[in-house]
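Chemist: Note that the protein sequences, when read in sequence, are chains X and C.
Residue numbers are given in my numbering: position 88 of the first sequence equals residue 88, and the series is strictly consecutive.
Residue numbers are given in my numbering: position 5 of the second sequence equals residue 5, and the series is strictly consecutive.
Do not rely on the hints blindly, as some may be mistaken.
[Claimed, not checked] Per the computed footprint, the stretches of chain X lying under chain C, defined by three or more beta-carbons under 8 Å from a beta-carbon of chain C, are: (1) 35-47; (2) 115-123; (3) 247-260.
Hints were generated in silico from the structure; no laboratory data involved.
As the structure is a computational prediction, the values presented were derived from the model and not from experiment.
Glycine included, each C-beta is placed from N, C-alpha and C at the ideal position.
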Amino acid sequence: MRLCWEGGPPPMPEPAPIDTLLLCGFLGSGKTTRINQLIRAGRLRNALFLINDFGTLNIDAEWIDAREDGVLRLNNGCACCGISGNLSAQLTEIRRWPGPPECLVLEASGVARPRPLMQLFDAARGYRLGRADTLVDLSAIRSLLDDDAVGDIVHDQLRDVGHILVSRYHAMPGGAADAALERIKAINPHARVDWLPPVAPPCRRQVSRRAMPSWPDFARLAKPASSIVSRTVHLDAPVDIERLESLLDAARVLLLRAKGMLRSHDAPADMLAVQWTAGELRLSPLPSARHQALVLIGKGEPGLDALVTCLETAVVNQNREK
Amino acid sequence: MNITVYPARRLYTMNPSQPTGECLAVRDGRVLSVAPLDEIKRLGDVVIDERYADKVMMPGFVEGHSHALEGIIWDYVYLGWFDKIAPDGTLWAGVRDAGSIQQRLRRSLAALPVDQRLIAWGFDPIYFDGARLDKRLLDAVSPEVPIIVMHASLHVMTVNSAVIDAIQVSEKQIDGIVRDSTDQPTGELQELPAMHLVFDHYGIDFFEAASTPRALVQYARAARREGITTITDLLNPLSEKAIASMRATTADPDFPVRLVPALNALDWEPGAGSERVRQAMRHNHDKLHFGIVKIVTDGAIQNFTARLMWPGYLEMASNGVWNAPPQVFHDMVQHYHQAGLQLHIHTNGDEAVEIILEALEEALTLWPRPDHRHTLQHVQLIRQDQLRRVRALGACLNIFANHIYYWGDIHRTRTLGFDRCQRLEPTASAERLGIPFGIHCDAPVTPLSPLFTAHCAHTRETASGEVLGSAEAISRACALEAITLGAARTLHLDHCIGSLEPGKWADVTVLDDDPLQGDKSLKEIGVHATLLGGRPTTHA
Ligand SMILES: [Zn+2]
């Protein structure tokens, strides 16, 4: 306790600074997965999770409730008028809580550069920077670094931090993984690189070992700067869902989205709504639907036409039961 | 039912079937008739109100892009380069040298309550060649009272020694703390990590304050003074508190404007965001209209933060900034479009326009929707090929026309160069292509004044008096349509506002002079009064 010189009330003792873990990384680098892992491992006591990213919030809320920790979504401020001040207001508020958290995990936005955030937590009253990690989807890092629109940001995300956590390397051929790692080391030779274990995707449909037809080389059919076109395919028989998924995934270089209504040949009585975005096929019951159709949106006519041909010849159930 | 008739010197309707009229008849808040008095009398007993008989009437101005921050920012001392009028009508002259800055701060300091800090705003360093605002300049005003000067970009502040000592700036290691040759802080603090020290120490939160009823009342007052009858707060948090505050304020019969708040999409997980707008829409009434969503993609050209296509900036090698990864914007467009809501998308640079056009093309191919009216906001640098794509998509534009005056000289010499300034704010191209468009003020970034914005779109004069890109100038009539019916179309509200036609709300701007005849320029024409739903508005 300090002596009170000026006759006012004695100053409140400063509470211990909030230990902060900064998680940076581009969109899709696995920041949310990492947070879920940290929560499940029970390694963080009395932690607050501050999410400054966009898109869907995938934090496992039950885990957090069970531990009486909290998740706060951060307002991202007004770039139009220029203030990104909500983070500032939020930090002030948190440190004034009657029972502030012992530890803060900040999931930074996919376009955040770590250095200013690290300096912020270094200097901000009531906080202490514990660690700054950048997460990396190794299979995507080279194309991100070469991307004109975001390459500079991704570069800085690698350069600024002491720890780089690498994921999604399992399906990469050895040479590709090494080359990607070299790019990272060239940008930040001093960082410690840790390899994250693979994550089982939740509620994944059983992966079949059935052989799939060999699909056309869609990469060859994709032309740069093609315009967006769509095709509607009317289906007159139930569909082999596994083949459909395999085909759409094979066409992901040019296919942006597919959606529609169809029947699966496993349960031809039920109508299903289907939505496909790169790497994910979602099915849900759609009893109200009448006829089967699939809308395909993609880049360039040749590629999309080839896709339609495959759909009609190799995916629709061959035993035309009509 | 009473019919009130307002005779006028002249009445412009924006209705192509009947462009002008003599008398406006109002019943139940709506336009009953625009006709000669004898014709109106066939509709029933009339009460004639002569108070505007020697004035000119127009549809009430529709401001399609501004911010409620305007209602709070005037609590602080204005230090901008240009003259501006506060909501209470006070004219604040622009300050253009160090001496004037100090003089204004000194005067404000004298009126400051004890134990307070002095906060100023609007200082734009891009106009001060060479000389920088620093702590010495502010210390000469007072070394003891904390002084904080926010720059116009809101990304930088300059503080005096009292602040530097209070927050122990010297000891901190932050890139944004500007230091002199002897490693001493100059007083300039750039970007959030450095500015947070000040916000945190003094408990400053501008955006929280902008959601309060008091801010909304001030905002409406500023709008009314400039002839605005519908105002858009184009970046609202839509928090419970903000919604409650807007509902309470607009329920007051004397609140002088209709308010259209846009959800700030970057604040929300998309599913929750569209749900929040839907919930808020249940509270819609004649003077409060929820239903639009704002996405902010890039920054501003004058701050070198807008995303430009080749060849980029004149004075800067790097490109601007994205507020989120482009894929996030793409996905948000898909989501909110599919959810049936209307999007307003901030796109200053041509690269930002490009990614949003791609997103809209995909969304509209997947989920075709007639007359969606998704609107690109600012579009200062949109290219001709992009304009054609906007038309093909059935999208709208809201063009930042007064930018030419405030930053046109800077854009020619420092950010863009001569040729791209010819196409800056391409209103004539939008008109030629038949794209529905409005023009706007981005208050508090630029002053809230539709007539001045229309003047800029018509003359394309910069602050130095130069004319930039005369091929993109539009006629007075076209500019006046852009601040009324054009803006109403971008808000999807043209069925009830934007023109004076029977059945629409009788929202009127009363002008001292005729904007289409006579020698007064649009910016010199005085706003005499406004009517909202046929009732003259008053000082709230
Ligand atoms: Zn704005």
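Chemist: None of the hints should be skipped; say for each whether it holds.
Modeler: Hint-by-hint comparison with the structure:
{"no.": "1", "hint": "35-47", "in the structure": "violated (count 0)"}
{"no.": "2", "hint": "115-123", "in the structure": "holds (count 7)"}
{"no.": "3", "hint": "247-260", "in the structure": "holds (count 3)"}
Going down the numbered hints, you'll see the structure goes against just number 1.
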